[in-house]
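Here is how the chains run, residue by residue.
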Amino acid sequence: MTLDVQTYRLIGFTLAFALALRLLALPQPLVLLNPDWVLLVLIYWCLTFPERFGIGLAWLTGLWVDAATGPLLGQHALIYALVAYCCVRFHTRLRVFPLGQQLPLILLFLLGAQLLLFCLEALRGRPLLLWSYWLPCLTGTLAWPLVLAGCGFLKRRHLPTI
Amino acid sequence: MTVKLIFARGPSLETRLLLCLVLSGLLMVADHRGQTFGLRTLLTVAAYPVQWLAAAPVRLGGWAEELFTSHRELATENRRLRRQVAELKRRTLKYEALRKENDRLRAFLDKSFKLGEQMLVAELVAVDLVPYEHRVLINKGSNLGVHVGQPVLSVDGVVGQVVRVTPVSAEVLLITDPSHAIPVQVNRNGLRAIAIGTGDLGRLELPHLPNNADVRPGDLLVTSGLGGVFPQGYPVGTVTEVVPQPHKHFARIQARPLAALDRIREVLVTWTHDSSRPFLPGDSDSKPAAPHDP
Chain U
148 MTLDVQTYRL
158 IGFTLAFALA
168 LRLLALPQPL
178 VLLNPDWVLL
188 VLIYWCLTFP
198 ERFGIGLAWL
208 TGLWVDAATG
218 PLLGQHALIY
228 ALVAYCCVRF
238 HTRLRVFPLG
248 QQLPLILLFL
258 LGAQLLLFCL
268 EALRGRPLLL
278 WSYWLPCLTG
288 TLAWPLVLAG
298 CGFLKRRHLP
308 TI
Chain D
355 MTVKLIFARG
365 PSLETRLLLC
375 LVLSGLLMVA
385 DHRGQTFGLR
395 TLLTVAAYPV
405 QWLAAAPVRL
415 GGWAEELFTS
425 HRELATENRR
435 LRRQVAELKR
445 RTLKYEALRK
455 ENDRLRAFLD
465 KSFKLGEQML
475 VAELVAVDLV
485 PYEHRVLINK
495 GSNLGVHVGQ
505 PVLSVDGVVG
515 QVVRVTPVSA
525 EVLLITDPSH
535 AIPVQVNRNG
545 LRAIAIGTGD
555 LGRLELPHLP
565 NNADVRPGDL
575 LVTSGLGGVF
585 PQGYPVGTVT
595 EVVPQPHKHF
605 ARIQARPLAA
615 LDRIREVLVT
625 WTHDSSRPFL
635 PGDSDSKPAA
645 PHDP
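As they're listed, the protein sequences go chains U and D. The number in my numbering is simply the position in the first sequence, starting from 1, with 147 added. The number in my numbering is simply the position in the second sequence, starting from 1, with 354 added.
Just so you know, these hints were derived from the structure itself, not from any lab. Here the structure is a predicted model, which means the values were calculated and not measured. Glycine included, C-beta positions come from ideal geometry on N, C-alpha and C. Among the hints, erroneous ones may be present.
If you want a taste of the chain U side facing chain D, the calculated C-beta under 10 angstroms gives, among others [unchecked claim]: (1) GLN175; (2) ALA205; (3) PRO218; (4) GLY221; (5) PRO283.
Derived DEER-like restraints, expressed as beta-carbon distance ranges [as the list claims (entries may be wrong)]: (6) U:LEU263 <-> D:LEU421: 43 to 49 angstroms; (7) U:TYR155 <-> D:LEU373: 20 to 26 angstroms; (8) D:GLY379 <-> U:GLY159: 22 to 28 angstroms; (9) D:ALA384 <-> U:PRO245: 22 to 28 angstroms; (10) D:THR423 <-> U:THR239: 40 to 46 angstroms.
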């Protein structure tokens, strides 16, 4: 029981930290490179604890991100729920892939999420497509090993028995 | 009795996904219409600590900068500020006389004209909400009477307007956001126009002026007060470029906002309507407007 509480506390902490990174005010060119850290951390937890952190919690996280960043409530919630579904559905396979095989899939997830976000924004009448719009997907893929190492370290340290 | 059930785990993944998708859709529609029944406020308040955390590095930097400013620099700045205060005081003296005179003349013309406004100083929370959208977060909210649609100014000019409030923070849409338009007036001759944001922090566009419009580079644009959101007469920007386009109906006119939108730290949230003025005891930043006597 307490183990579960610890798990959720760790998940909540990492997600909050990821959101802070996502909101960080960086100088102008770097802002366009800042990846969606929350999505990366979310993918990590979906793959690691698919029975504890699934679609519902991913949806709530998305709602929280929507409220923090502003545009329209439900956008990120929808996208995160979809990505969480893919992760949970295929976690047995994804988890055992070597890093080189994981990276293209992460890129695919991030691109899909960005594309969906673009479609939703376009529905609201904000068609703005610059090539740099897709850059965060690339940097996000490159940041995946970092997330893997960081969250893995925290998990080993705070939840050694799982 | 805790038995871990391996097979019976409630609804299937697909059902859950479908439920989430439907809920998201409903929420998006509801939020687009602005009816979320307090859910957004609740979530935004829950996210405020994280926003605060994200702004910590910048705050820390500012603090360190203050700590390591040398005495000589401070003295120089102090001298400069004193000079500025003296100059502004002199101008205010003249302004008071002019205001009285203006009020008298207005009374003759039988027109009401309000200049007295209440301001509240708010600080920007240094976070980057969404790339490609010019919205910023300020640290004052509905607890202090901030409401949607309020004009936000800086000491140099118009910054934007409040588009969303929570009890402790508010979101401001900058005048350079592509979805923002502000009614302006050329200060030199009173020509009215609309300045639309371009998505570039240093550029506004005036797309609806004909080729023979009397606008020149260097002209000051002020708010015209039409539309009822912004008070009349605040500086918005200066015209930088006028290119007549003979083959089209309208000229290409661009302006630069006067407020340094990429560098501002503090903004002034303004109340212009008497009815919505809150009473703020003990807040030295804000003074109630002077009673209006014609």
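Here's how the hints hold up against the structure:
1. GLN175: holds (8 angstroms)
2. ALA205: Holds - the Cβ of ALA205 of chain U comes within 10 angstroms of chain D, reaching about 8 angstroms at its closest.
3. PRO218: holds (6 angstroms)
4. GLY221: With a minimum Cβ separation of about 4 angstroms from chain D (threshold 10 angstroms), the hint on GLY221 of chain U holds.
5. PRO283: Since the shortest Cβ distance to chain D is 8 angstroms, the answer is holds.
6. U:LEU263 <-> D:LEU421: 43 to 49 angstroms: holds (46 angstroms)
7. U:TYR155 <-> D:LEU373: 20 to 26 angstroms: holds (21 angstroms)
8. D:GLY379 <-> U:GLY159: 22 to 28 angstroms: holds (26 angstroms)
9. D:ALA384 <-> U:PRO245: 22 to 28 angstroms: violated (44 angstroms)
10. D:THR423 <-> U:THR239: 40 to 46 angstroms: The hint (40 to 46 angstroms, Cβ to Cβ) is violated, given that THR423 of chain D and THR239 of chain U are roughly 59 angstroms apart.
Violation of the numbered hints given earlier is confined to hints 9 and 10; the remaining hints are satisfied by the structure.
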